[in-house]
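Each protein sequence line maps, in turn, to chains S and R.
If you're matching positions, the first sequence starts at 11 in the numbering used here and goes up one per residue.
If you're matching positions, the second sequence starts at 724 in the numbering used here and goes up one per residue.
Check the hints yourself; a few may be wrong.
Claimed, not checked - Only some residues are given here: those of chain R computed to face chain S with a beta carbon under 7 angstroms:
(1) Asp896
(2) Ala899
(3) Gln927
(4) Ile928
Claimed, not checked - Mimicking DMTMM-like on lysine to aspartate or glutamate, the simulated pairs with C-alpha atoms at most 25 angstroms apart in a straight line are:
(5) S:Lys31 to R:Glu809
(6) S:Lys20 to S:Glu39
(7) R:Lys980 to R:Asp748
(8) R:Lys811 to S:Glu268
Unchecked claim - Ranges between beta-carbon positions, derived for each pair:
(9) S:Thr78 to R:Ala808: 37 to 45 angstroms
(10) S:Ile145 to R:Asn820: 43 to 51 angstroms
(11) R:Tyr828 to S:Ile216: 55 to 63 angstroms
(12) R:Ala808 to S:Leu215: 39 to 47 angstroms
(13) R:Phe739 to S:Leu117: 53 to 61 angstroms
(14) R:Asp748 to S:Leu117: 24 to 32 angstroms
(15) R:Ala846 to S:Leu243: 15 to 23 angstroms
(16) S:Val76 to R:Ser812: 41 to 49 angstroms
(17) R:Trp733 to S:Val76: 33 to 41 angstroms
(18) S:Val56 to R:Val924: 45 to 53 angstroms
(19) R:Ile870 to S:Glu240: 53 to 61 angstroms
(20) S:Tyr40 to R:Phe747: 50 to 58 angstroms
(21) R:Arg740 to S:Ser153: 55 to 63 angstroms
(22) S:Tyr40 to R:Phe739: 36 to 44 angstroms
These aren't lab readings, by the way, just hints derived from the structure by calculation.
Just so you know, these numbers come straight off a predicted model, no measurement behind them.
Every residue, glycine too, gets a C-beta built ideally from N, C-alpha and C.
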Amino acid sequence: MVDDSMGIIKDHLAVSAEYLKINVKTFVEYRISFVLQVVFIFLNNVIWLIFWFFFFVNFPVVNGYVFTDMAMIYGIVAMAYGLSGIFSNNRKDLAEIINKGKLDYYLTLPKNVLFHLGTSGLSIFSIGDLIFGIIVLIIFGGSYPLWLIILFIITGVILLNGIGIIVGSIAFYIGNSERLSHTLHLSTIALSIYPIGIFGDYAKLILLTIFPVAFIGSIPLEVLKSFSLEGVLLIIGVALVVLAIAVIVFYYGLRRYESGNLIYVRN
Amino acid sequence: MINKYAKYFWIAEINFRNSFAYIFDVISSSIFIALIIFIFINLWSIVYGGRELVFGLTLPMMIWYLVFTEAMVTSSGKLITEIGAEVKSGEVANYLNKPYNYVVYKYAKSIGSTIFSFILIFAISAIVALLLVGPIEINLIHIPFMIIATLLGLTLYFAMSAFLGILAFWIEDSQAIEFVYSKLLFTIGGMLAPLAIWPPVIEQISLFLPFSLVAFYPAKLFVKFSFDSFIWVIGFGVIWGIVLFLATALLFRFMSKKLSINGG
């Protein structure tokens, strides 16, 4: 039984690795474009960070937060976003995949639908985010325990994927929700890069419960700054609960899925 | 002469009306912008603390400044990616035998839908600002001048986007350029904060770059109008407009020749 489960996991990871290889090969084929995209996304993040540096030069402490706090949040979110984009970028396109009947392809193959769907897409921009995140965390995260940073990057990836799946799965329930899904994806990123302490009580409540994006970067920063085991367990717990809800929402919605007769080329 | 340009007016007008068909798209992105304004209200409220003025603006003025800059920068959509895709795929060749100039056609098409988006994004963000920080004083006499500065800013946004989009013919990728272009508008264009947030050297350079004419200057006129500033914005904006449109026209002509060599 255990051997079977291990075999299935190995099998799925092998498929994921193959997808990654194929996707990277496809992008590397267009070398100039590949390098430019990675460099420009890196630059894009650097410009953002420079802005916040000067923001904090003008206002050194904002509700107890300093520039390095902002940089740490940004570093963790960029790493989580980068990894999520490399291993499971399809979470962002889930609503479109459902709406256009593109789920058929995944349903006909002998692999876990959600896993296969998630891992078959790759965003090349994510490599720029990943490199940026690594550099920022090396510069600003030196004083924090490495294992804790790695743990929070992993919980960040789980949360981004979980929220992405829930947001994308709305398409099963209300039909054409691509725009709504896109807006919620953008909101996830926009809200996760700010410290929770700048928000009012009602906004905090939302960001810690029904739209728990504060657990991607902001709450991990609080735990890094003043370690507590409860804090670590809370972040892991929230990440796993969000993922469990995502899986339930997806598979419950899948029962309502209706294929279309649209013929498309899968690339 | 009038007939020669009337077609572009009609293209803009048709695209303005077409935008009603995509109203939910625009409302969806407007809600996102409203969310950003909500974040900024939280952030700037803390920054102001007990302070009356920051960079010469009160808290409501700062928030309305941001409402205006967000609407300016986000209402045009992803023009570089759109033009870049047409240039890269060779689709641009389909426009060459039409009785219009490709760049002016794209401008007319874009400005029609941009004006529609601007109104909607501004209106939805304004509701958030109105509810959370209240109104600011606007003199009705200044509104026509603000409209001129706004149209000039949106035109310059297009001109820079068209130039960078056509560059995709050589650079291969336009989406990444779009990211960096938007970040420059966010920062040295003054979308995220007035340019005084930068050290004096960067501020002075930014004041003379076209990015600030898209966000900083029109928004500053909106919250703190002065005729001196308006005249400076128009003079400076028209010069940048001529430079950018000429550069784009030259680049397009050069590219068109290459395009015919490539066989479209």
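Okay, the hints, checked on the actual structure:
| no. | hint | in the structure |
| --- | --- | --- |
| 1 | Asp896 | holds (5 angstroms) |
| 2 | Ala899 | holds (3 angstroms) |
| 3 | Gln927 | violated (14 angstroms) |
| 4 | Ile928 | violated (14 angstroms) |
| 5 | S:Lys31 to R:Glu809 | violated (30 angstroms) |
| 6 | S:Lys20 to S:Glu39 | violated (28 angstroms) |
| 7 | R:Lys980 to R:Asp748 | violated (37 angstroms) |
| 8 | R:Lys811 to S:Glu268 | violated (36 angstroms) |
| 9 | S:Thr78 to R:Ala808: 37 to 45 angstroms | holds (40 angstroms) |
| 10 | S:Ile145 to R:Asn820: 43 to 51 angstroms | holds (49 angstroms) |
| 11 | R:Tyr828 to S:Ile216: 55 to 63 angstroms | violated (45 angstroms) |
| 12 | R:Ala808 to S:Leu215: 39 to 47 angstroms | holds (42 angstroms) |
| 13 | R:Phe739 to S:Leu117: 53 to 61 angstroms | violated (43 angstroms) |
| 14 | R:Asp748 to S:Leu117: 24 to 32 angstroms | holds (29 angstroms) |
| 15 | R:Ala846 to S:Leu243: 15 to 23 angstroms | violated (45 angstroms) |
| 16 | S:Val76 to R:Ser812: 41 to 49 angstroms | holds (47 angstroms) |
| 17 | R:Trp733 to S:Val76: 33 to 41 angstroms | violated (55 angstroms) |
| 18 | S:Val56 to R:Val924: 45 to 53 angstroms | violated (18 angstroms) |
| 19 | R:Ile870 to S:Glu240: 53 to 61 angstroms | holds (56 angstroms) |
| 20 | S:Tyr40 to R:Phe747: 50 to 58 angstroms | violated (35 angstroms) |
| 21 | R:Arg740 to S:Ser153: 55 to 63 angstroms | holds (58 angstroms) |
| 22 | S:Tyr40 to R:Phe739: 36 to 44 angstroms | holds (37 angstroms) |
Hint compliance for this structure: hints 3, 4, 5, 6, 7, 8, 11, 13, 15, 17, 18 and 20 are broken, all remaining hints hold.
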